[in-house]
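Student: Quick note, the sequences are listed as chains U and L, same order.
First residue of the first sequence? That's 8 in our numbering, and the numbers climb one at a time after it.
First residue of the second sequence? That's 130 in our numbering, and the numbers climb one at a time after it.
Keep in mind that a hint or two might mislead.
Once the Cα atoms are required to be at most 25 Å apart in a straight line, the calculated SDA-like pairs of lysine to any residue come out as [unchecked claim]: (1) L:K236 to U:G54; (2) L:K236 to U:T51; (3) L:K236 to U:V28; (4) L:K236 to U:R43; (5) L:K236 to L:L312; (6) L:K236 to U:F227; (7) L:K236 to L:I163; (8) L:K236 to L:F319; (9) L:K236 to U:A296.
Negatives, chain U to chain L, calculated, CB over 12 Å [unchecked claim]: (10) F188; (11) L199; (12) A327.
Derived from the structure by calculation, the hints contain no laboratory data.
Using N, Cα and C, we set each Cβ at its ideal position, and we do this for glycine too.
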Amino acid sequence: MASAAATSPVAAAPAAGAPSVRRWLARHPFVAYAVRRFAVYVVTMWGALSIAFLFYRLIPGDPILSFMASLEQQYGFQQAASQEIIEHYREVFGLNGNLFQQYVRYFYQVLVTHDLGPALIDFPTPAQQVIARTLPWTIGLLGLSIAISWVIGIVLGAFAAFRRDSPISAWITNVALTFAFVPNYFIALMVLFIVAYRLAWLPSSAAYDPHFEKGFNWDFIQSVIQHGLLPAFSIAFGFVCRDLLSARMLVITTLGEDYLTFAEAKGLRPVVVMLRYALRNVYMPQVTALAIQLGFIFNGTIIIESIFNYPGVGNLLVNAIRILDFNTVQGIISMSIVGVLTANFLVDLILPLLDPRVKYWR
Amino acid sequence: MGSFWTLWRASRKFRIGLLILVALILFAALGDVISALIGRGEDPLELGIYNAWLVPSLAHPLGTDRNGRDILVMTAIGLRASLLIGVVAGVMATAFGVVVAFVAGYKGGRIDSVLRTATDTMLVIPTLPLLIVESAFQRNISLLQISFVLAVFSWPFAARTVRAQVLSLRSRPYVELARATKLTDREIIFEELLPNLLPYIGVGMASASVGAILALAGLEIIGLGPSDALDLGILISFAISWGALSLGAWPIIVAPVAILSALFIAVNLINFGLEEIYNPRLRSIAGA
Numbered sequence: 008m009a010s011a012a013a014t015s016p017v018a019a020a021p022a023a024g025a026p027s028v029r030r031w032l033a034r035h036p037f038v039a040y041a042v043r044r045f046a047v048y049v050v051t052m053w054g055a056l057s058i059a060f061l062f063y064r065l066i067p068g069d070p071i072l073s074f075m076a077s078l079e080q081q082y083g084f085q086q087a088a089s090q091e092i093i094e095h096y097r098e099v100f101g102l103n104g105n106l107f108q109q110y111v112r113y114f115y116q117v118l119v120t121h122d123l124g125p126a127l128i129d130f131p132t133p134a135q136q137v138i139a140r141t142l143p144w145t146i147g148l149l150g151l152s153i154a155i156s157w158v159i160g161i162v163l164g165a166f167a168a169f170r171r172d173s174p175i176s177a178w179i180t181n182v183a184l185t186f187a188f189v190p191n192y193f194i195a196l197m198v199l200f201i202v203a204y205r206l207a208w209l210p211s212s213a214a215y216d217p218h219f220e221k222g223f224n225w226d227f228i229q230s231v232i233q234h235g236l237l238p239a240f241s242i243a244f245g246f247v248c249r250d251l252l253s254a255r256m257l258v259i260t261t262l263g264e265d266y267l268t269f270a271e272a273k274g275l276r277p278v279v280v281m282l283r284y285a286l287r288n289v290y291m292p293q294v295t296a297l298a299i300q301l302g303f304i305f306n307g308t309i310i311i312e313s314i315f316n317y318p319g320v321g322n323l324l325v326n327a328i329r330i331l332d333f334n335t336v337q338g339i340i341s342m343s344i345v346g347v348l349t350a351n352f353l354v355d356l357i358l359p360l361l362d363p364r365v366k367y368w369r
Numbered sequence: 130m131g132s133f134w135t136l137w138r139a140s141r142k143f144r145i146g147l148l149i150l151v152a153l154i155l156f157a158a159l160g161d162v163i164s165a166l167i168g169r170g171e172d173p174l175e176l177g178i179y180n181a182w183l184v185p186s187l188a189h190p191l192g193t194d195r196n197g198r199d200i201l202v203m204t205a206i207g208l209r210a211s212l213l214i215g216v217v218a219g220v221m222a223t224a225f226g227v228v229v230a231f232v233a234g235y236k237g238g239r240i241d242s243v244l245r246t247a248t249d250t251m252l253v254i255p256t257l258p259l260l261i262v263e264s265a266f267q268r269n270i271s272l273l274q275i276s277f278v279l280a281v282f283s284w285p286f287a288a289r290t291v292r293a294q295v296l297s298l299r300s301r302p303y304v305e306l307a308r309a310t311k312l313t314d315r316e317i318i319f320e321e322l323l324p325n326l327l328p329y330i331g332v333g334m335a336s337a338s339v340g341a342i343l344a345l346a347g348l349e350i351i352g353l354g355p356s357d358a359l360d361l362g363i364l365i366s367f368a369i370s371w372g373a374l375s376l377g378a379w380p381i382i383v384a385p386v387a388i389l390s391a392l393f394i395a396v397n398l399i400n401f402g403l404e405e406i407y408n409p410r411l412r413s414i415a416g417a
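Put together the whole structure using the sequences plus the hints.
Tutor: Right, dumping it as structure tokens:
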């Protein structure tokens with residue numbers, strides 16, 4: 008942390024002859040903080056992408072040869088592939104050259120050209136296009152279910168905190184405690200069994216009914232909503248429980264505060280006191296928690312999408328792995344790393360601006 | 130043992146969690162007994178020994194699967210395999226995590242920032258895709274290998290929890306005193322810090338074990354994972370690939386899911402219970 012010294016005013020002040028940059032940074036702590044946080048962001052990104060890259064290459068076995076082997080197994084022919092063909096595919100899939108050359112090319116592809124090479128799963132469409140097709144489904148599913156569960160969780164949590172002596176509140180809290188950490192794929196399996204198979208109320212797989220024309224017509228939208236309900240519920244349920252618990256905890260700690268007593272004494276309605284005064288303290292910690300959890304959220308979505316056969320990124324990943332589609336898999340993993348780290352970085356930057364009490368820099 | 134009974138009396142969550150956990154371990158340990166009781170001299174896991182898809186009855190409390198195997202016995206044996214994988218992965222992850230945490234928390238300074246950045250990096254990486262890739266390219270991965278891979282991805286959790294505790298303990302007066310009396314770093318770590326951290330390390334290990342079990346179950350549900358194991362995740366994946374859900378054969382899917390959930394809930398309840406006891410401020414806040 009070379010820049011850490013620069014951010015501390017104490018360290019910078021006695022150095023009279025220090026470069027003016029240092030003095031300027033000392034007077035602008037937020038910029039210094041942002042620069043330092045950006046450095047951490049770059050280092051973490053490099054580390055994470057390197058781990059992903061090396062992890063891949065260290066797996067014993069040659070992806071091209073094992074793909075050939077699986078082709079031979081599948082179609083029952085003996086293909087003594089010529090060396091030229093194998094070399095050609097090595098080049099197409101970025102596997103030629105030594106480890107260092109591959110490493111450099113990998114970073115160049117991911118960060119600069121965004122060109123991942125052809126996808127086996129839909130040869131010869133470039134992998135990035137195949138991934139881009141599935142992205143809206145995942146983002147829509149995740150975004151909606153997180154947003155909805157956030158609101159429900161915070162409101163229920165605040166309710167449980169305000170009426171903490173009532174039996175309903177105790178009941179809600181205990182249910183949340185029980186289900187908060189049950190993996191979402193268990194919820195998915197149970198919902199699938201009860202709602203989709205037993206009761207047959209909602210469809211069990213896919214994201215829309217192919218009978219309807221894709222586009223902005225009511226039938227199609229209705230079918231998208233119907234197909235999305237079960238996966239969204241499976242993702243949201245655990246979130247509601249966890250948000251409820253943490254919101255309840257945060258609200259309870261503020262309950263004795265003077266400003267709440269004052270708000271009540273002014274004669275404000277309890278709903279207003281709860282939403283406008285007590286909940287103010289809940290939003291920010293919840294945003295941070297959400298950013299930290301993003302990696303897990305993506306983990307969970309992979310399995311949910313696979314269970315419901317939902318055409319999102321997670322399902323694509325599982326299908327791509329089944330046929331050993333190297334480029335697509337690598338693209339999805341790199342994308343998820345870049346996405347999660349960037350989201351964390353942005354939240355850390357924006358949070359101090361939104362909440363004046365947060366001071367990461369000192 | 131005295132402190133155990135204090136714990137037992139102090140928190141209802143701790144009591145319930147521990148009871149569930151002990152019941153599950155007993156169920157797994159008695160797998161062979163259950164097998165003998167149901168099989169009556171035959172092996173109830175042999176293919177085609179009973180009729181397929183029997184509904185639950187007195188002879189087969191959870192019915193049979195597509196290959197005519199008894200589901201109750203499969204569940205008990207599967208739980209044993211799951212627990213084994215979890216414990217192996219959990220111990221490895223915790224050991225590594227604790228070492229990292231002690232070095233980072235105790236040494237502080239630059240070593241701490243490097244190790245913390247590494248830990249945080251591992252924490253934010255979506256690890257499941259990497260795990261999936263690993264198991265896909267190594268079709269016949271063994272149980273020990275998969276436990277190792279699971280451990281590689283779960284040590285950061287243990288490291289983060291323990292590091293925070295080391296940091297808070299390091300500045301306590303009795304550690305200062307130990308340092309003032311010129312105890313070596315090793316003596317301070319092993320004689321002063323470690324004993325006080327054991328509850329946290331225990332909880333961390335339990336969480337890491339359960340995390341590994343569930344990660345493996347997740348892998349198996351999407352049809353990837355070791356091929357030689359008969360654990361609870363495999364049961365679920367059998368159920369899905371046989372279409373048990375649409376056949377209405379609920380026990381083969383409900384039993385493993387319920388048991389794994391109970392395991393997870395039990396460990397979390399113990400965790401909450403310990404927090405309440407060791408963190409009295411929390412108890413007054415949390416109420417119940």
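Student: Checked against the structure, which of the hints given earlier come out wrong?
Tutor: Of the numbered hints given earlier, those the structure breaks are 3, 6, 7, 9, 10, 11 and 12, listed in rising order.
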